[in-house]
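Following the hints, complete the assembly by docking chains Y, C and W onto the known chain Z.
Protein chains in written order, with this note's numbering: chain Z, 871 to 1183; chain Y, 871 to 1183; chain C, 871 to 1183; chain W, 871 to 1183.
Do not rely on the hints blindly, as some may be mistaken.
[Said to hold, decoys possible] Straight line, CA to CA, 30 Å or less: simulated BS3-like cross-link-like pairs of lysine-lysine:
1. Z:Lys1154 <-> C:Lys888
2. Y:Lys940 <-> Y:Lys1154
3. C:Lys888 <-> C:Lys905
4. W:Lys940 <-> Y:Lys1170
5. Y:Lys1124 <-> W:Lys940
6. W:Lys1170 <-> Y:Lys940
7. Y:Lys1039 <-> Z:Lys941
8. C:Lys888 <-> Y:Lys1039
Think of the hints as simulated: they come from the structure by calculation, not from any bench.
4 protein chains.
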Amino acid sequence: MSLTDLQNQELEDVCSIKNTTRRPTVEALEEILYKPLKALDHGFVRLVDYMGNDSAVVQAARVSYGSGTKKLNEDKGLINYLMRRWHTTPFEMCEIKFHIKLPIFIARQWIRHRTANVNEYSGRYSIMDKEFYIPEIEDLAAQSQINKQGRSTDVLSAEESHRVLEMLKDDARRCYDHYMEMLNLNEETQEILDPNKAGLARELARMNLTLNYYTQWYWKTDLHNLLHFLRLRADDHAQYEIGVYADIILDIVKKWVPFTYEAFLDYRLNAVNISGKSIAVIKKKLAGENVTAEDVGMSKREWQELISLLEIK
Amino acid sequence: MSLTDLQNQELEDVCSIKNTTRRPTVEALEEILYKPLKALDHGFVRLVDYMGNDSAVVQAARVSYGSGTKKLNEDKGLINYLMRRWHTTPFEMCEIKFHIKLPIFIARQWIRHRTANVNEYSGRYSIMDKEFYIPEIEDLAAQSQINKQGRSTDVLSAEESHRVLEMLKDDARRCYDHYMEMLNLNEETQEILDPNKAGLARELARMNLTLNYYTQWYWKTDLHNLLHFLRLRADDHAQYEIGVYADIILDIVKKWVPFTYEAFLDYRLNAVNISGKSIAVIKKKLAGENVTAEDVGMSKREWQELISLLEIK
Amino acid sequence: MSLTDLQNQELEDVCSIKNTTRRPTVEALEEILYKPLKALDHGFVRLVDYMGNDSAVVQAARVSYGSGTKKLNEDKGLINYLMRRWHTTPFEMCEIKFHIKLPIFIARQWIRHRTANVNEYSGRYSIMDKEFYIPEIEDLAAQSQINKQGRSTDVLSAEESHRVLEMLKDDARRCYDHYMEMLNLNEETQEILDPNKAGLARELARMNLTLNYYTQWYWKTDLHNLLHFLRLRADDHAQYEIGVYADIILDIVKKWVPFTYEAFLDYRLNAVNISGKSIAVIKKKLAGENVTAEDVGMSKREWQELISLLEIK
Amino acid sequence: MSLTDLQNQELEDVCSIKNTTRRPTVEALEEILYKPLKALDHGFVRLVDYMGNDSAVVQAARVSYGSGTKKLNEDKGLINYLMRRWHTTPFEMCEIKFHIKLPIFIARQWIRHRTANVNEYSGRYSIMDKEFYIPEIEDLAAQSQINKQGRSTDVLSAEESHRVLEMLKDDARRCYDHYMEMLNLNEETQEILDPNKAGLARELARMNLTLNYYTQWYWKTDLHNLLHFLRLRADDHAQYEIGVYADIILDIVKKWVPFTYEAFLDYRLNAVNISGKSIAVIKKKLAGENVTAEDVGMSKREWQELISLLEIK
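Okay, chain Z solo, but in the shape it has when bound (with noise of 0.2 Å):
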């Protein structure tokens, strides 16, 4: 994540801005605004624009005149009782944008959010960057045995992650001076190598890159759109690539509209979806009836994790 001087200029002239507004600000994300917030070895998350807060919310949701904001306590009501009752579309009324630089394996996850509007680095038109994400080494997990999709919590030995980690930059670093041979350029000058040469189109070259070389997007979703993403995203099932991007933006949002945060940790993120044949054990359970995973027909997988969930002994 080292930007060049022109990006740093480029940076510290738009963090010098001061503008009078009479739409609603929030203080919090304004101190963070465009500064890059690391993630990975190389990537970032920087918060480019806002749309709205808290009370934008509150205000859509009773088509108000002013800004919606009765009493903090009311407004507070409102919010837990929308997210609770799923009506979704007063979250859709506030929007953010980033700038993201991640690794193309990530982005690729990331990209089927549909509903998000996005502005990626062009490959055909531009050059590729040598950046390329290296985990760390407690990040070089096994595979899972169980779950098939997914990593074990145990990660490699010492020698096995070294000779992991020499074919990783090895062969990141080896294909990287073969696009830019290809492309018949100078990597430190980005001149033109051999006169001879014509070079081979940028939007082939890059086809040489692998999937953990760094690109860089514009992204911009609403609110709801954001919860959902955070939910699956920060969530464990997610890669732990992915989730990393999703920590920082969850934060964001805690910065942002911390009234939504909260309904969305109790009513999303620490909430379960209980199945009708769940909720008739947890029934049977506390009325201290006996019952099993038979009884009810579930399969064995789905019975431990319920037993688990309730921390049933």
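Frame of chain Z; chains Y, C and W shown alone:
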């Protein structure tokens, strides 16, 4: 569009806000922020919030670290280029939010634009206002005999107009009186009329209102989708009543993003999609050749439109 | 729902089709294809086309070359797993298309489900039918005093009902008569009434109709979004009138994708989203501990709902 | 595109299906259903399912009870009209589903079309195949010096090409070998290599693959959005590799909905969006007047494009 005292107080409150922000602001928008701009007889368009400006389009297109602006001239050129080549995603990086009051039959057209966020005043929850749309006499157009989906340029005779307005007003009023009677509420005081009656559920009683009753909503969309809406609704083929709203919004776009507005006029609103066959006709005409509708397999209606567009005698 | 002779002939024609296809078919759907299933007094749901079945969900989840099916038992298990873990994209691989006739005030709720394709009968282009919804006496519910957004379980008295029905019918009829008079058309023959009058444009005259008039549309959506629609609209909190349509469609889903239907019942329709605080309460209760609303910072209303859900005395 | 025996068996199974249906079928599509149509060196397009035909467009536009068809001639005229006037919703009433195998760098472009349903082969869950894209020598285009976002019409010299292909192949192979080594799996047998190693999680190891590796997905969209995709991707400005897929799909559209296909060619693919200024130029030229770029305030590049489009000398 007569607001209550409470609504006026709420409006004054939000209009007196002065916040400091590092986000981009647009002075011409700050001036009209929150103020209801009159539309039709009782409707309005109120700008409630906005995100970004012309520079934000440029910034996203360049995925840049700063505000995107190099020189004003280059920005203008880039925006023209993006609009001309249908690079639409950078325009999605600006967002705008309105509070709109509009007749239900217009709301039904409007809502078909799906890529927007909407919170509508709820007739299940609240009592509808006694406000309905009555066209001006000069807008009482006759049915077109040529275009089945539209109105003619002729208006009704004075006598016919008079009768139409009479029916519209009488029916709207009677339906509202009965709506309140079903709710068992006094129209003036909204107090219970008859303590021995239960009052019909609001979600049912509302079905007795006519389609010219006003509803209101918060409506939020990005600049790209807003321009698409304007292209269709600020057009001659659109129904006059929705066009009134589109024109007001188009004027707001002009204040908000002047470069984008100009590009939009030239490449969208004043532009024409010319079919492959039509291009063949134009080429021949320019080369001094004679050509007929039959030569290119064009329908009469299409041929007429082309001739009329090119002002060929 | 009285169809014209022409419409009945059209229906018969499509019902007699027998084509051969290599695409998956669902016998139970073929039987009801094209037939109008009655909804409310004049509405209907007509299945017009469908794509895929339970196997298509499995096939997409496995990105497989064949039909996706291994053993029926494994397919069922996989569908349960996908539903339980909110892997929603495989359910998007089935598509269904309906022709639906419904009152306008219900259409206004329905259209808020944005992820669907819609073609509505155009009141700008065509003359609206003289068909309006009048509730059954047992559906004339009073306004709820507890839940502001809904109806009470009490119905109106015989006398109050009688008066409501009278107003609804009279107003609907009068508004339609005036609608035709504005159009200058005879109601029976749709011929011009008075050759000296021009007749108001259809797009204007329609505003005089009440919201219980029927409209109709073609509506097409994927299985995932259909289930989302059903979860909200086949629910107790939904307005009764839209629930009637949802129930008919739910029954079609049962015929179409029986495994998905069962999973949907258990993990969505009969499931409950339990907040983090509620889980804490359940754990304590199961461990035999005492706990109050205050202990966990839960609102009274929320606490009551939890107690009632779990049938705790 | 060498399928395994199992995959071939699966294919044969689905191809031998013969079902009876009352839904509309398209013979020309039934013939190619399920068969992989080769794209690039290892990719394919497989039609998996379809809903509707030209008549379904007409049926929805008319909101009719039957199949929509009156006379073939009228249907064709209506489809032309709908396409010409951008009445897009009737085209959303047809749906199509493909199984597609494509290089990752192309998949990244493709996925930006958001209005589609996608299930992609998961590199978190499964082992990626050893298949990567290597361009034909005649497709190794040089970077364009005029258009920064594209390739030139010149190809590389024999020597330069040779070196590029060498690098592409070597790097792709080495990266895959290391991918399997990280997974601790034998490439041929997919059995564990070294019992003393844990093997890196799949979701991590995949990041070592280059962007020309093939992925595959089920992709489903409606006809309107498909045509929008084709308009952009079967165009000269699209990258050649995605164009190969677009051309195959365009050919399928021709078989599927021949009337819509013809209208699409004339009003979209071969049509041009002419700006307001350009129309002014054409009018003057047709009237025999002289006009320059400066007269209408047009940029040089735009002027050149217009002159070249109209073949004016």
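Satisfaction of hint between Lys1039 of chain Y and Lys888 of chain C, Cα-Cα up to 30 Å: violated, 53 Å
Quickly compare the C-alpha distance for Lys1124 of chain Y and Lys940 of chain W to 30 Å and report which way the hint goes. Status violated; Cα separation ~46 Å.
Agreement of Lys1154 of chain Z and Lys888 of chain C with the hint, judged by alpha carbon distance not exceeding 30 Å: violated, 52 Å
Is the hinted pair Lys940 of chain W and Lys1170 of chain Y satisfied, with a Cα-Cα distance of at most 30 Å? holds, 21 Å
Compare the distance between the alpha carbons of Lys1039 of chain Y and Lys941 of chain Z with 30 Å, and conclude whether the hinted pair is satisfied. violated, 40 Å
Are Lys1170 of chain W and Lys940 of chain Y close enough, with their CA atoms no more than 30 Å apart? holds, 21 Å
Measure nothing beyond the straight line between the CA atoms of Lys940 of chain Y and Lys1154 of chain Y; if it is 30 Å or shorter, mark the hint as holding. violated, 43 Å
With the threshold set at 30 Å, check whether the alpha-carbon distance from Lys888 of chain C to Lys905 of chain C stays at or below it. Distance of about 15 Å is within 30 Å: holds.
Hints 1, 2, 5, 7 and 8 from the earlier list are contradicted by this structure; the remaining hints agree with it.
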